[in-house]
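Those protein sequences? They're chains A and B, same order as listed.
Counted from 1, the first sequence has number 194 at position 194 by my numbering; the numbering is strictly sequential.
Counted from 1, the second sequence has number 814 at position 389 by my numbering; the numbering is strictly sequential.
None of these hints come from the bench; they were simulated from the model.
Within a straight-line C-alpha distance of at most 20 Å, the following computed DMTMM-like cross-link-like pairs (lysine to aspartate or glutamate) qualify:
hint, chain 1, residue 1, chain 2, residue 2
1, B, K467, A, D64
2, B, K467, A, E59
3, A, K42, B, D492
4, A, K112, B, E573
5, B, K537, A, E148
6, B, K705, A, E148
7, A, K280, B, E573
8, A, K132, A, D167
9, A, K42, B, E484
10, B, K537, A, E128
11, B, K467, A, D67
12, A, K42, B, D489
Single-letter residue listing:
There are 2 protein chains.
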Amino acid sequence: MSAYARMSAEERRAEYAKVQKTYQELKGLGLQLNMARGKPGKAQLDLVSDIFDLMQRPEDYVSDGIDVRNYGELAGLPAARRLFADILDCRPEQVFVGGCASLQLMYDTVSKAYTHGLLRSPRPWCREETVKWLCPSPGYDRHFKVTESFGFELITIPMTDEGPDMDAVEEAVKDPAVKGMWCVPKYSNPDGIIYSQETIRRIAALRPAAPDFTVMWDNAYCIHEFEGEYVPFPDILSLCAEAGNPDMVVEFASTSKITLPGAGISCFACSEANMAYLEKLLTVQIISFDKVNQQRHVLYLKDKAHTLALMRRHAAIMAPKFRCVADALEREIAPLEIASWRRPTGGYFVSLNAMPGTARRTLALCKEAGVTMTGAGATFPYGKDPQDSNIRIAPSLPPVEELEQAMAVLCTCLKLSALEKLAEG
Amino acid sequence: MSAYARMSAEERRAEYAKVQKTYQELKGLGLQLNMARGKPGKAQLDLVSDIFDLMQRPEDYVSDGIDVRNYGELAGLPAARRLFADILDCRPEQVFVGGCASLQLMYDTVSKAYTHGLLRSPRPWCREETVKWLCPSPGYDRHFKVTESFGFELITIPMTDEGPDMDAVEEAVKDPAVKGMWCVPKYSNPDGIIYSQETIRRIAALRPAAPDFTVMWDNAYCIHEFEGEYVPFPDILSLCAEAGNPDMVVEFASTSKITLPGAGISCFACSEANMAYLEKLLTVQIISFDKVNQQRHVLYLKDKAHTLALMRRHAAIMAPKFRCVADALEREIAPLEIASWRRPTGGYFVSLNAMPGTARRTLALCKEAGVTMTGAGATFPYGKDPQDSNIRIAPSLPPVEELEQAMAVLCTCLKLSALEKLAEG
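Sequences and hints are given; from them, build the entire structure.
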């Protein structure tokens, strides 16, 4: 195989006919495969389902003297706060434990900023003329949707190998209408990038014009290595505090990909001043999130060391899937020079940049052949990828055998759309 | 004993000395009792804790072909929607199943009205000059707090034996700034009143000036009889639809007092048009609430008939507590004619009206003697009871022995504060 761009028009026509034949064969298989979302596979769910064996002895219902079955403890069980503090390397008083969805906690934080304002807001954001929001891209579509749904103006910040382009961020925060930024600092969604120490230092040291500028630090993959050892990661709360910005960040995490996506526990972590402010708002909304499930998780996960041991068992399931993706791309696509990608060692995604102008077409072809992928453009604000290039691969759900088929389809569609694009030009 | 009002000043002084002596004795006991909140007691929690024995066979993880452990099903498990529809006598498509707190669903409904507007809103409520809200009072303090926290102007609607004073409601809704009303239609909090058929008919047939006027129908005690048989109750969704107001009501319910207060499941129910609208907003906020806990509840409660059987076992625990309250009041207070109260047959509260101007003093005395009650005024908007008269008694938490002590303290304090008030002249 040689690079498509260096082929003659005739060679490309021949190649197209060949690839088209493969495509038709794959279509004929009547596949129904899904690589759309970062959904754990059944083997991972089965791995942790012994969590349901807990909570059967009367003493399991009591934690620090609290009957976990009854009302109370707005910020969550102290033991659950300690567990997340251990994992995130912050203090238990900085942790609020929620329900099964950190997305809900993020949405609610933005919603409360809009309806009531945050600790340092001069006024609720619904009283602002314009609210602008920084979106390092490619990024997580659900993040972007939250801020879009409140009518904020989304500003794309390019991603680099070290995290968000900090020159762009530092420039953007000079605008007092810029109220915040989304971050997935470890194994970023979808690139799998770990923000560098220097990037994190610059984020913590930002001097935004808006007094209530808020870094939404979604540490979704904080302990989610699938290859190699656990990578220690700095506590953003301390760094912000040291930089004189104690209230500028709210961190989020969950056990959705540690225990169960549909029934885990989540948390946010922030300065104690933020916590006092947010609790005053939250106490109007809820008496507490599900403390029995919090207790179940405390008993099951125990502490960070024990949780990391569990993550190694998840890694044993995840690693072959990511290898399958990487191998297929190396074998099928690399020689053709029609796409680039990273080889992450944690998180849930592989981010692929196809030949500009071919992502949408590639995914339409995939769909036609029964392979559902995250929608084209999803990783950019407003669902619009200016290059029509980024494709997010989520290999966690299908078993390896199915994944191999799905990757065969994806590679074939990448080839077809690249050849079509080259034929145009 | 004779009525305090008919005693001579001298008789009252003698009585005060006697009651004061009793009070000092009670204080000397160093009690620490709580009748502040509608918190189920330990016996009720133990009654249902076999719910934790479920979810241990692989087939329990699958419901209607859905793996309940994974992401998905925004509106909840179909089986959980069917369960609530059975209990509320509506259709499963009208039900959205949430987490452990119906309060959260109520808050979020108001919050979404504020940030985005409801189905029939001309604009989000944050863009309205003024939003006014009807609060039948005495009512539930947490309801009032939600609407107060969004800056709505709370309008007190008197409660009658049949529910909210509908003449006052029909008059009030002529104001287009009036956007909604709180209702606890069955065993109202705190009066324990069941809205009459005529009241419910008039609510369903309201013709509010605001196109997005919303009845928040908190059916918190829909199957919560503790005395006598289950009282059938009309489906408000059908009644509103029949009256040409299909989208005017959102109903709420939960299993907080059926299974566990800290770990139940909740729902809202509304027209399918409302559901389609709200789901579009909710999908930005959450992927789904905890479906494992939904499945646990489906397996445990099965259906309405089976749930009603469980409620009879709760009733066996609750009834003696309410009898204890009623008996103490009948014995100690009735002859003195210093307070009035109802004798509810369901719900979680006894609402007592003390001599005007004495509620606050009574509760302060209680507190001094180690008995915590719901704060004075809590059952009125802004926490201000214009009569300083209403006291909410929540007898569910303490065991009967403790409750007897707590009622002895309350009765003593009612006497002291009445005598003090009468001495003022």
